[in-house]
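Using the sequences plus the hints, can you model the full thing?
These protein sequences, in sequence, are chains A and B. At position 103 of the first sequence the residue is numbered 103 (my numbering), and the sequence of numbers has no breaks. At position 69 of the second sequence the residue is numbered 492 (my numbering), and the sequence of numbers has no breaks.
Among these hints, one or two may not hold up.
[To be verified] No farther apart than 25 Å at their CA atoms in a straight line, the calculated lysine to any residue pairs in the SDA-like style are these:
id, chain 1, residue 1, chain 2, residue 2
1, A, K421, B, R555
2, A, K413, B, N561
3, A, K289, B, Q652
4, A, K420, B, A607
5, A, K263, B, Y557
6, A, K263, B, L699
7, A, K420, A, T227
8, A, K421, B, Y557
9, A, K191, B, N561
To be clear, the hints were calculated from the coordinates, so they are not data collected in a lab.
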Amino acid sequence: MRNLHKIGAAALSVALLAGVAACGDDKGGSGSGGKVKLVVATFGEFGYKDLYAEYMKAHPDIEITERVTKAEDHHKNLAAHLATGQGAADIEAIEEGWIGQFKATPDKFVNLTDLGANDLKAQWPDWKWQTSVGKNGAQIGFGTDVGGLAMCYRTDLFAKAGLPTDREQVSALWKDWDGYITAGKKYAAAKLPNSAFMDGPTVMYRSVLGQFDQGLYDNQDNVIVETNPSVRAAFDKTVEAINAGLSAKIAAWSADWNAGFQKGRFATIACPSWMMAYIQEQAKDAAGKWDIAKIPGGGGNWGGSFLTLPKQGKHQKEAYELAKWLTSPEQQAKVFRKAGNFPSTVTLYQDPVITDFKNPFFNNAPVGKIFSESITTMKAQYLGPKAGDINTAIQNGLTRVEQGKQTPDAAWKQALEEIKKIV
Amino acid sequence: MKSWLHRADVKASPYLYISPFYLLFGLLGAFPLVYTAWVSLHDWSLLEDEHPFVGLANYKALFADSLFWNALGNTASIWVISTVPQLLFAILLAHILNNRLRGQTLWRTGLLLPNVTSVVAVAIIFGQLFGRDYGMINWVLGQFGIGHIDWQAGTATSHIAISAMIIWRWTGYNALIYLAAMQAVPDSLHEAAILDGATSMQRLWRITIPSIRPTIIFTVIVSTIGGLQVFAEPLLFGGGGLTGGSDGQFQTLALYLYQAGFGRFDFGYASATAWLMFLVIVLAAMLNFLLTRRIRRA
Numbered sequence: 001m002r003n004l005h006k007i008g009a010a011a012l013s014v015a016l017l018a019g020v021a022a023c024g025d026d027k028g029g030s031g032s033g034g035k036v037k038l039v040v041a042t043f044g045e046f047g048y049k050d051l052y053a054e055y056m057k058a059h060p061d062i063e064i065t066e067r068v069t070k071a072e073d074h075h076k077n078l079a080a081h082l083a084t085g086q087g088a089a090d091i092e093a094i095e096e097g098w099i100g101q102f103k104a105t106p107d108k109f110v111n112l113t114d115l116g117a118n119d120l121k122a123q124w125p126d127w128k129w130q131t132s133v134g135k136n137g138a139q140i141g142f143g144t145d146v147g148g149l150a151m152c153y154r155t156d157l158f159a160k161a162g163l164p165t166d167r168e169q170v171s172a173l174w175k176d177w178d179g180y181i182t183a184g185k186k187y188a189a190a191k192l193p194n195s196a197f198m199d200g201p202t203v204m205y206r207s208v209l210g211q212f213d214q215g216l217y218d219n220q221d222n223v224i225v226e227t228n229p230s231v232r233a234a235f236d237k238t239v240e241a242i243n244a245g246l247s248a249k250i251a252a253w254s255a256d257w258n259a260g261f262q263k264g265r266f267a268t269i270a271c272p273s274w275m276m277a278y279i280q281e282q283a284k285d286a287a288g289k290w291d292i293a294k295i296p297g298g299g300g301n302w303g304g305s306f307l308t309l310p311k312q313g314k315h316q317k318e319a320y321e322l323a324k325w326l327t328s329p330e331q332q333a334k335v336f337r338k339a340g341n342f343p344s345t346v347t348l349y350q351d352p353v354i355t356d357f358k359n360p361f362f363n364n365a366p367v368g369k370i371f372s373e374s375i376t377t378m379k380a381q382y383l384g385p386k387a388g389d390i391n392t393a394i395q396n397g398l399t400r401v402e403q404g405k406q407t408p409d410a411a412w413k414q415a416l417e418e419i420k421k422i423v
Numbered sequence: 424m425k426s427w428l429h430r431a432d433v434k435a436s437p438y439l440y441i442s443p444f445y446l447l448f449g450l451l452g453a454f455p456l457v458y459t460a461w462v463s464l465h466d467w468s469l470l471e472d473e474h475p476f477v478g479l480a481n482y483k484a485l486f487a488d489s490l491f492w493n494a495l496g497n498t499a500s501i502w503v504i505s506t507v508p509q510l511l512f513a514i515l516l517a518h519i520l521n522n523r524l525r526g527q528t529l530w531r532t533g534l535l536l537p538n539v540t541s542v543v544a545v546a547i548i549f550g551q552l553f554g555r556d557y558g559m560i561n562w563v564l565g566q567f568g569i570g571h572i573d574w575q576a577g578t579a580t581s582h583i584a585i586s587a588m589i590i591w592r593w594t595g596y597n598a599l600i601y602l603a604a605m606q607a608v609p610d611s612l613h614e615a616a617i618l619d620g621a622t623s624m625q626r627l628w629r630i631t632i633p634s635i636r637p638t639i640i641f642t643v644i645v646s647t648i649g650g651l652q653v654f655a656e657p658l659l660f661g662g663g664g665l666t667g668g669s670d671g672q673f674q675t676l677a678l679y680l681y682q683a684g685f686g687r688f689d690f691g692y693a694s695a696t697a698w699l700m701f702l703v704i705v706l707a708a709m710l711n712f713l714l715t716r717r718i719r720r721a
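Quick look at the structure:
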């Protein structure tokens, strides 16, 4: 459920080049014994397996088949299936980074408000609801999880560098990103061998950018990178951290990055909730060394997904009922307890099921409380169709600065030129 | 009657026998080629229903796109860095294997092992070998006091790393082809040379290479075609990123095409790129042909 499942995804995308034309998957026709067959296509870990069984038990006339693919391929396949008008599942999950692209063609999806979704609207934070509303006002998806934002840090390294280790005190270090950079300078001054304050530019840039009201797009799908000072501010703040020598200069989702979690190459990294699962996976032996504090600047969100119903589906009514059930507060709470995906339903943010949840890997940090706060205090941002490519162009610019290839101004200028070509 | 049948059989049957290939080629080769040309004349987004005709606009935009020329340059550079050493190594390996060795079959099968390894596995392993912080190559260099190289960041270093993967995968394959050709070289030539006191290297240069020239030409053409289509290596070396590094320093033509088609879903532009790539390959093959014809005459 995290943003881009890059490494493994690339592996399958090679096969995809040859395979796109050949994937005429089974469609949910009426199966044997009069059962309605529903196919649910997801990626990564949605934590739905037990829920499918439970649903089928309560609805003997429904048969659910799941189809799980790597994130990158899942979305590319979906695009191909929508283009050819066949092969899409009855329910297709879409990640936040891709939703802008897909909601640009809302007529390929069932408008959920036609089936009564407006009655459920209050279940989600308004921004989550708005994120999947298409150009024509059609609601194309029900929110599943959200990212939220927090800051993960290494207590052992903080102690060595003479910084506080208690998460309250650490949160107090960085009320804003300037405070984060100041703390980073102290960390850098301690000159710990082979250890920098943060991983690289990507995660910091995305987190700073994610906290502004407006990002890459205005609400009319116009790219405003050049005119919106917030984007340049996120870029500049990250450059400031790079120039202060805080970065380990490691590309996000690279092999060095994965190893870096384990070896303490960096002491902090901004953490959407899905990043917790990633850290636990990469740094199995570092349990108890990581802890979680608040993100500088308060709330924010990065990531999360939606369940959509492609219009080509044969059983839209049944699929609607299932999607509604899967994203209801009770089921989202179950998923959170099992898989850790942070729920997108407002009521749960006050529910002890969530707020009392502590993560043992992260020194029993009250992650439920931290992420609930982050979500409820955040400002929502409109995500346009090419947001992913635009961010890549800007992140590449930051990397060029970090690699000493360009000055910040030159890197920014080149990024703007590349963005013009993308749009 | 019988003779009529016989004549028809003689005349038509050969065509019938080869027809499956051409039918399949027409379906899976020629049709996509023509269809791609058609798509390339449109503003064709995968997600839109409308695909307005734009004539040659995609091609015009491509010729003005610095990223296209960048990708073309990278492709050429990676092709040279990978093909030249690869074919030289292959000839040397084949020459060594052409001697009587114990366990011949074992050595020869071993040659093909890198080639049957999945390209994805190769790229991931080499990506780790060339890692900046924890890569084995930098560790070895560190032992000799040479500082850490950020293989991905530089243009030349990234091309070398990617070429290493290609060389690793294809050297053995070409060596086997050379070996087969070398075995057709008459032993008497070598025996005479040995009697005259020629060294192994002299025999390689004076006898073997001139005799297997057509095979060398064949491998050069095949690796040119393969080299211009390099895709998985740069994709995986960049951790799955489609831009080929922060400055496109190792984005190849095929990766550039993929970025347009499956990153931005801009199939019109991607199709135009595919056609230009095709023309570049035809051009390179023709150049090869002209050069090698000269060599053959020489």
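For each hint, the structure was consulted:
{"no.": "1", "hint": "K421(A) with R555(B)", "verdict": "31 Å, violated"}
{"no.": "2", "hint": "K413(A) with N561(B)", "verdict": "33 Å, violated"}
{"no.": "3", "hint": "K289(A) with Q652(B)", "verdict": "46 Å, violated"}
{"no.": "4", "hint": "K420(A) with A607(B)", "verdict": "58 Å, violated"}
{"no.": "5", "hint": "K263(A) with Y557(B)", "verdict": "10 Å, holds"}
{"no.": "6", "hint": "K263(A) with L699(B)", "verdict": "46 Å, violated"}
{"no.": "7", "hint": "K420(A) with T227(A)", "verdict": "13 Å, holds"}
{"no.": "8", "hint": "K421(A) with Y557(B)", "verdict": "36 Å, violated"}
{"no.": "9", "hint": "K191(A) with N561(B)", "verdict": "22 Å, holds"}
Consistency note: the structure conflicts with the earlier hints numbered 1, 2, 3, 4, 6, 8.
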